[in-house]
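Each chain, letter by letter, is given below.
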Amino acid sequence: MAGEDGDGAVHQPLDAKQKDESVINNNGDNDVKVLKNDEEKDSGVPSAPASREGTPPPLPPRRKLLETPDRRPPTSSGALTLPRSTPRSAARPPLQSKATTALSLADIHSHAHVNEGSYSNSPASRQLSLGGLRTAHSGHGSDGDETASVISYAPTMEAGTDVESMLGDVLRDRSTPGWVPFSPRKGVEEGSLFPDDPDFEEAFEHEFDELDDITSDGLDQDAVVVQWKAKLKHFMILSFAGKPIHSRHGNDQLITSSIGVVQTLISFYQGASEELRGFTAGGVRFVVMSRGSLNLIAISKLGESDQQLRTQLDSLYQQILSTLTLPVMERMFKNRASTDLRRPLQGTETLLSALADGFTRGSPSTLLSALECLKMRKTHRNVINNTLLKTRSENLLYGLIVAGGRLVSVVRPRKHSLHPGDLQLIFNMLFEAGSVKAGGGENWIPLCLPNFNNTGYLYMYVSFLNLDKPLEDITERPQSSGGTEEEVAILLISTEKEGFFELRQMRDDLVKQLGKNGSLEIIKQAVRRGRPACTDIIPGTVLRHFLYKSRGNVQFIMPSFEPAFSDPVARRRLITLYMHLHTALHSRPVHPKIHHSTSTTHTSLAWSTPVFELYAVAPANTQRAALAQAANRLIQYVRREEERVFIIGGAVF
Amino acid sequence: MAARNPQGGRPGASNSRFAQFKLVLLGESAVGKSSLVLRFVKDQFDDYRESTIGAAFLTQTIALDESTTVKFEIWDTAGQERYKSLAPMYYRNANCAVVVYDITQASSLDKAKAWVKELQRQANENIIIALAGNKLDLVTDSPDKRAIPTADAEQYAKDSGLLFFETSAKTSENVKELFTAIAKKLPLDQAGPRSMRASATRPGVDLRPEAHSTQGAGGCNC
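Going down the list, the sequences are from chains A and B.
In this text, residue positions in the first sequence follow UniProt numbering: the first is 1, and each later residue adds one.
In this text, residue positions in the second sequence follow UniProt numbering: the first is 1, and each later residue adds one.
Treat the hints with care, since some could be wrong.
Said to hold, decoys possible - Over 10 Å on every C-beta distance to chain B, these chain A residues come out as not near it, computed from the model:
{"no.": "1", "residue": "242"}
{"no.": "2", "residue": "258"}
{"no.": "3", "residue": "348"}
{"no.": "4", "residue": "390"}
{"no.": "5", "residue": "531"}
Unchecked claim - Chain B regions said to be covered by chain A (calculated; three or more residues, Cβ under 8 Å):
{"no.": "6", "stretch": "16 to 23"}
{"no.": "7", "stretch": "42 to 52"}
{"no.": "8", "stretch": "124 to 136"}
Since the hints were derived computationally from the structure, they do not count as laboratory data.
Since the structure is predicted, the reported quantities are computational estimates derived from the model, not experimental observations.
Heads up, the beta-carbon is just placed ideally off N, CA and C, and yes, glycines get one too.
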């Protein structure tokens with residue numbers, strides 16, 4: 001086996017990676033243009049080496065840098081001592097490798113005022129003025145070339161509309177919840193990385209509540225509308241003809257008028273042969289995406305970038321394709337433009353809602369378009385891989401062992417990879433939505449994996465393991481004490497419609513073998529261990545949390561959210577911070593390699609190389625040097641452990 | 001999805017009969033198929049259930065009498081229209097079927113009738129079909145919610161040769177009775193080798209399979 005994937009390198013494959021990166025590359029400034037997948041693929045995708053993580057990125061010796069501070073400009077002493085990521089940059093004069101901080105509070109304030117001017121009265125696209133801002137800052141960026149650049153925060157949300165608050169605390173009054181991590185606030189709790197924000201906490205607490213029913217006499221309608229408007233995030237999906245297909249909050253009665261307005265706006269631009277891509281109104285960002293016969297709209301107060309919202313909309317679209325397949329859906333609309341897609345989609349509302357809820361809670365996996373794996377020793381993983389290969393049945397296409405949304409092992413044909421987007425749909429179905437959860441027993445699920453092939457169905461056998469008694473007949477989904485985090489599922493995917501019993505047999509063989517060779521016990525232990533805390537990974541580190549994405553493997557690792565981000569609000573703020581960092585790294589035209597920002601409550605770092613993307617957060621008083629050192633140690637850790645934290649190659653046949 | 005090799009006779013259970021049958025549940029979406037199965041298999045009920053996606057496979061064993069045990073292998077199918085084309089693979093080798101409708105939804109009986117027709121035309125010719133009018137609990141308190149009179153459905157069931165029960169997965173009324181009635185009607189003694197097992201310890205009777213059926217046979221089970 002080891003020999004078989006000795007090339008080890010590629011793994012979750014190139015095409016997936018390129019797609020993923022191209023999506024990311026389409027950030028920001030080309031918002032006016034229609035995105036075309038094919039173009040994306042070919043356009044300026046940085047040729048990230050298809051090498052395994054172990055191939056060290058071309059880092060010049062950092063020690064030397066530290067030892068020879070005279071090479072560095074005086075201003076950068078004590079600055080971010082990050083290794084320069086390309087040999088090219090090593091040859092540059094020192095000045096150009098200077099890392100500069102990105103953000104000062106003054107910047108934010110000024111932005112808020114700028115926005116005030118340009119937006120207060122109209123929902124004009126913020127892209128206009130963003131363009132302006134970016135141009136202004138690209139000047140800074142250019143002097144640093146790509147080694148380290150300055151980027152200022154592009155405000156992702158508009159400031160409020162009332163001029164009055166210009167006189168007040170600008171940030172506090174104007175910031176949307178998404179901004180909060182950056183707002184300076186007094187009275188920050190000891191240890192908290194984010195300032196208090198009761199309004200956001202209140203809103204977030206009710207974000208997942210159902211709206212009250214409108215009583216038949218309609219008297220409560222106003223109250224319900226208030227509830228509806230208080231939601232931080234909406235998704236709406238309509239057909240090209242304006243028929244509602246899905247709305248995250250609110251029933252038909254409630255959303256009809258909104259759907260009408262949105263449809264009118266979209267049609268207006270279509271009538272002018274233009275495409276409405278997004279606008280801001282009342283501190284809320286609206287992003288519109290047209291795909292085939294569908295219009296998808298994201299409405300968010302959470303401060304994501306347009307591109308991030310688009311990625312979320314794309315996931316919802318993929319979910320619909322996963323149910324119907326593209327040709328079937330297009331045929332329906334071709335036959336009858338006024339088709340009500342809700343009928344054929346009946347029963348999958350919960351999948352769309354679960355995706356939307358996931359985006360609202362904040363999903364590192366979606367943000368990074370990458371997967372998370374269960375950490376285990378390489379030899380242990382190899383045993384599992386080999387067992388999968390040994391028990392593989394004839395018609396198996398993909399086989400996966402998944403523990404609480406983290407991949408344990410995967411078996412796949414050499415020619416085919418699994419796209420993270422497809423896996424996300426599967427994980428959402430199994431671990432987030434109640435459908436399979438509630439059913440009990442084993443499941444046989446026809447589904448289309450749109451990134452694999454959006455024209456046809458595959459068939460997925462699903463069985464949840466009772467880790468304590470794995471060999472017993474599964475009559476129901478076992479209740480694990482740790483909730484979904486500890487659930488282990490075996491997924492076997494085939495093109496064979498009638499393959500249930502074949503795959504069921506494989507599952508029995510597989511579980512028996514895994515039990516015999518001790519792998520089940522190892523999986524159980526790894527699952528129970530959970531994610532390590534930051535300080536377990538690097539003793540004494542200043543980092544409170546991080547995301548590390550291996551570009552080549554399309555996988556990421558992160559530490560436990562405990563203890564600093566154990567409650568959902570703190571977690572959401574952390575994700576919001578990551579979203580801002582992500583936006584900063586992927587904004588055009590600057591494309592900074594390193595982005596550092598501070599606020600009164602935390603300091604954060606984003607770092608991009610061809611091999612990885614790293615986002616990290618530390619308390620506010622952390623020196624940049626300390627942050628940089630922590631980041632470097634983290635990189636060393638990943639390099640050392642990469643064959644444990646990532647699935648490299650997997651079981652290929 | 002041919003009939004599989006059922007497990008052999010239970011060791012130690014001399015003088016006992018053990019039969020294994022395939023059962024499929026069909027019916028319009030949201031009539032309560034999964035709830036019926038869950039009540040039968042786990043004796044549980046959730047007020048709010050998500051729709052079944054694809055199909056779920058469950059098993060449940062019941063004792064008919066002191067010496068007879070029947071194991072059901074149950075396909076709980078999703079009721080949505082888009083899964084219709086997959087149905088034959090679930091009922092093709094089924095020994096029995098439960099066609100479910102919602103007694104508060106008139107249209108659901110029409111759908112049930114269509115399923116019965118399809119089963120009688122396409123499925124195993126000896127298939128035992130039971131018609132189950134679910135959500136009986138809803139009409140106990142407010143009889144005006146009932147959309148389908150018991151007598152109508154009963155008459156239809158009689159005419160079509162179906163077992164008939166009005167059930168409530170919520171209160172478990174008639175659920176066990178339904179499955180027990182099916183088990184009793186199944187040909188325990190003359191059952192084909194693929195669905196019938198008797199303990200080999202029983203002298204003089206050898207009901208071991210003549211041939212182990214394998215995957216993909218796809219043929220009729222009779």
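Each hint tested on the structure:
1. 242: For residue 242(A), whose nearest Cβ neighbour in chain B is about 23 Å away, the distance exceeds 10 Å, so it holds.
2. 258: holds (26 Å)
3. 348: violated (8 Å)
4. 390: holds (19 Å)
5. 531: holds (28 Å)
6. 16 to 23: violated (count 0)
7. 42 to 52: Satisfied; 6 residues make the cut.
8. 124 to 136: violated (count 0)
In the structure shown, a violation is registered for the earlier hints numbered 3, 6 and 8, in ascending order.
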